Structures are given as structure tokens and as C-alpha cells.
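A.B. asks: Assemble the whole structure, with the sequences as input and the hints as a guide.
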Amino acid sequence: MCAETPQISYSFGTMEFISEDINASEVKSLQKDQQIRPTTLLASGKGSRCELKTKNALWRLGSLSFAKWPHTGELWLHSGSALYCSEENNTVVFSSRNSKATFQGKGTIIVEALHNGGFKFIPVEALGTLTTTRGDTQKVQDGRMLLVLSSPSYFGDAYDLDLMLLLRSSRLINSYPEPLPTFNQIGLAIYVQQLKLKGKYDALIGNAPTIEKLEVWAFGKNKPKGSKELIPQRKTTNKKRFWNRFLPID
Amino acid sequence: MKSLSIVISGGLFLTSLVFGQNAANTSRRIDSSKAVEPQALQVAKQNKSKKGGSKDLSESDTGAQRPILLKTKGISAFFGYDSKYYYQSNPFATTGVLKSEIATGVWRNTFYGGAGLGVYDMDSYVLTPYIGGSWSVVDYLKSDTLLEAQNYNSTSAYALLLAQFGNGWSAKAGVRYGNDRTSENDQEVFKEFYPSIGIMKTDSFSDSLRSSLEVGLGYHNNSVDPLFADDNGKDDSKRNWDISASYSLEKTISVFTITPKYKLTYRDYKNGSNKDRDDLVHELSATANYSVTESLMLKLSYGYTNQDASIDTFDYENYDAGGSLTLNARF
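Chains as they are written, first to last, in this note's numbering: chain A, 352 to 601; chain B, 21 to 351.
Hints were generated in silico from the structure; no laboratory data involved.
Certain hints may be false.
[Said to hold, decoys possible] Some, not all, of what chain A presents toward chain B, calculated at C-beta under 7 Å:
1) Thr365
2) Ile369
3) Ser370
4) Val378
5) Lys379
6) Phe417
7) Glu463
8) His466
9) Asp508
10) Arg522
11) Gln536
12) Leu555
All values derive from a computational prediction rather than experimental measurement.
Cβ atoms here follow ideal geometry from the backbone N, Cα and C, with glycine treated the same way.
C.D. replies: Here is the structure:
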């Protein structure tokens, strides 16, 4: 477990908090170096974000997020997204409105709250295991997103994500003054993924309005079957026919 | 050689792509309005708005989540064909009077293949073993009896271990076998085992400009045809250690990729008549690549070589310039 409560090391935009134990109706602006107590609910405005540090871990809270750290080494994410980063083995509990899972290990992990009350668990680079409250355990793999759903929580579908695209478009990774300490490991994770790459779906994963449904938004000419609804992993790909390789690019 | 260069250049491309995302690039994107928004995300957002989606896809700070398909074991294979037609001012690397008379066109056709034998994540580095080989047919195009007799077929095979580190450096160790046989009578005139080690570093200055630094050490354990043996009848006089350093830039301009490169090599000979010989070789080259498709590439190249040997008779200069076509398939 982390040895101390998180402390704000950077904030940008509108960051506010409420202390449940003092006066729950009083909304205050966040200050740099502020300690985030277990009863502090942190909220970020649109385009706002903050970074928190503990003795051996770093947390980042994305825009339009609402979160608290109820215990040392535990994040509760009501909405929005957050990033966890540590080079040391820790036990970290990730929870959302309706789901909970425990990560044991180290690495850089993004979690995103889902409309259905669960959350996405995205290990950008990580070594360890994730255990749901139902008792299922999975070894985490770099770039493989796991859905943690329902209560008691279980694993939904798993999707391998394009890490290079994620890295280039993630504000949780890029929009902070200091680079992540695990940047070298992230580079290696992307390198391994590029070596293993077989094909890419012409689609982007969105939110999950219900437990049964995951939004998948198609782009490009080859619209995958099952667009705008849950598509099974490894079913559709834009892999070209062999001879098409030798025809001119569009 | 062709397949080996594909492995190395492919590795360099990947590392520059991946490790070009350095801390400086990150800090440049501190303003969220400047964060990279991939084209795919824009298209998906348009599609979504047409369908009356309620929320902006880019609203989440997580980043774009595009599903991909991965090989389970990371084993890959490639094969291809390369045809190069070029002018060579000094094909036999001589310093004598023959030099200007034997300048010729050369047509080299190469078939190559190889395989990556998995991707092994060792936590602080990633290990990737490769094997491969090639077969080339080399024809001198000038109508000259001496040159025509020197047409040859070249065979090579290699095993290579590539270690990529998180800081952008990579290390390689491998061994290559090669032999040359004359086309006319299939006589082996040269064979060599070349064990070598090297380190490489790639940097990215921008999305279109990358650099690569490489330092290597190897031993040319070769044998030549007894006809070309030294006065003592030994065929090991061309064996040498070499140490080399090269620096190259890769600039993308429109559809072309321009790659200027400088390489400096020091060779130290230990055997026979070459016992006291050492060479310093400067190589300056430039290539312009155009990828017509994922698997078809056209290339223009120019090269200049200058060898300054401790024994003057081995000094030489050579220019070559030409074009090539490469078909490559990866699986």
C-alpha cells in the first residue's frame, strides 16, 4: 500500500473539491501542495486536470472527472478518467460507482469510468495481476484493455488497443509539464506491440451505456460489422488481401 | 545482406517511431489544445455526430482507443525480391590502370527471406532473434571479357539477436555467412563468416526527421580462392577485424524519404602478406525511397567510397549510382 495520502503537485484549469467530513456543501478551489484526505472529493472542469503524488506512486486526474482516494492506495472514480503510475510493486484498488478490482504490481495504468457503473482498465505498460471482487484474476498485458463490470465485479471483454495512437492522443499522458517516469517502459511496450501487430480495426471504442453494450465507432471505408455495438474481439480487421499489397495506394 | 538490412532498417524505423516520443516532445504538448488529435478520431467524431451522439469522443482524457489484432507469439516472416541497376566506377576496387577501363554498369538481382523468431520482453529490454538469407545474381554489363568472367552469384545467411532498451539504445550480436561463386563455372572464389556486435541509437527531431547512430565491431573470417592466395599459398590474408561508426539522417519530403549517411570503418589485417596492413574507409551515400505501395518500393542511390590503406596499392576510390525496385512481403 502507498505510505501516505496523495498531494497535489500540479493542477490546470478549474479544479474543485468538497470535504465530506467538514461541510459537504462547500465547494473550494484546489491549491497546489494540498493534501487530499480520504474524505476529499475532487472534481475537474472541462479541459482541466491535476497531478497528485504519494511516496511511491503518481496519480493524474483527467478533465470532467470526479474522484476520491478513500484509503491509501485506493481510487474511487465516479466519472471521467485517471492515470496511475508507479515503478514499485504496490497493491492498488480501483473502484467506480458499481465495480471494484485490485491491481497488484507496477506500471502505468489508465482507468476510465463507464456510464454503466463499471470502468475500463487500460495498462499502458504494467506487470502484475488484476483481481475482481468476484474473485477472477487476470494477468495484465501491455495495451490490453479490460472491462470491469457490475457488482460483484467480473471481467467483460478484453481488447488490444493501439498504444501508439493512445500515447499520441492521451491528455493524461501528454498534457502535463513533467513526463511520466515510466516513459522508457511505455516506449518498450509500443515497440513490442509494433513487432506483434497483425492488423487494425477501423473503429474506436467509446463508452458502455449498459453492461451488455460497448460503443464502437467506425471510420474508414471498411466499416466493421457490429459498429456502434459490442463487437467480439478478433472478428473484423482491415487486413488486405495478399495481391492488394502490390496495387497502388489510394 | 538485403534481408539483414531490412531487419536493421525495420528495427531502426520502429525504434525511431517509438522512442522519438521523448520527454521534450511531451513537454511541448502541455497545452491540451495542442494535443495530437488523430485523423481517425476526427472521422469517428464526424460519424458519431451524424448519428446524433450525445458526447464528444475526445472528451475523455484517456486518448483514442483503437482495437488492434496482435500475433500471439510475435513470430513473423518476410521475403522479397530486389533488382538494382547501377553504375560502378571501380568494380574491383583497384588503384591500378585498369580502373578507368572497367567502369561498368552492374545488374544485381536478389531474392531474400527471413523470420523473426518471437518477441521476448525481458522487462528492461526486449529481445528479438532473427534468421534469414539471400541469393544474388550479379552481372557486369560492359562487354568486356575480363568483366564477364567475373560475373558471380552470392549467397548469404545470418542469425541475429537484437536487444532494444527503453532509453532508445539497441544492441545487436550476430553472425553472417556469405560466399561468392563465379557464374561461368560455379567456382567458389570467396567465403566468409562474419561474427559482429553493435550498438545503435535513434533520435527523432520531428515527425519527418530522424537520425541514427551505429557503432559496430566484427571479424571477417574469410577464405579466398587459392588462385588469389598470397606468396606463401595461404588463403587467409584477407581476414581482418573491423570497427565502424556511421551516422545517418532520414528526412521525409512529400512521398520521398531521403537518407544521407556517412560511415567510417577501420580494418586491421593480421595474416600473411597483409600482416602489416590496415585500412581506413570513408563511405558517403544518399538514397531516395518512394514507397508505391506497402510492398513495392522504388529507390535511387548514390555512393562514394574512399579507402586509405597503409599499403598504397590497396588505396582506391569508387563511385556508384543507380536505381532499384524492391518487392517485399511481411507475414
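A.B. asks: Run every hint past the structure and note whether it holds.
C.D. replies: Hints and how they fare:
Hint on A:Thr365 is violated. Least Cβ distance to chain B is approximately 13 Å, over the 7 Å limit. Checking A:Ile369 against chain B by beta carbon gives a least distance of about 21 Å; that is not within 7 Å, so the hint is violated. Hint status for A:Ser370: violated, given a least beta-carbon distance of 25 Å to chain B, over 7 Å. At about 22 Å, the closest approach between the beta carbon of A:Val378 and any beta carbon in chain B exceeds 7 Å, and the interface hint on this residue is violated.
Of the supplied interface hints, the one on A:Lys379 is violated, with its beta-carbon coming no nearer than about 23 Å to a beta-carbon of chain B, more than 7 Å. With a cut of 7 Å, the hint placing A:Phe417 at the interface with chain B is violated, because the nearest CB-to-CB distance is about 13 Å. At its closest, the beta carbon of A:Glu463 sits 5 Å from a beta carbon of chain B; the interface hint therefore holds under the 7 Å criterion. With a least beta-carbon distance of about 9 Å to chain B, the hint placing A:His466 at the interface is violated under the 7 Å criterion.
For A:Asp508, the interface hint is violated, the least distance from its beta-carbon to any beta-carbon of chain B being 10 Å, above 7 Å. Here the hint on A:Arg522 is kept, as its CB sits about 4 Å from the closest CB of chain B, short of 7 Å. Interface restraint check: A:Gln536 against chain B, minimum CB-CB distance 6 Å, threshold 7 Å, status holds. Contact between A:Leu555 and chain B, as hinted, is supported at the beta carbon level, the nearest pair being about 5 Å apart and thus within 7 Å.
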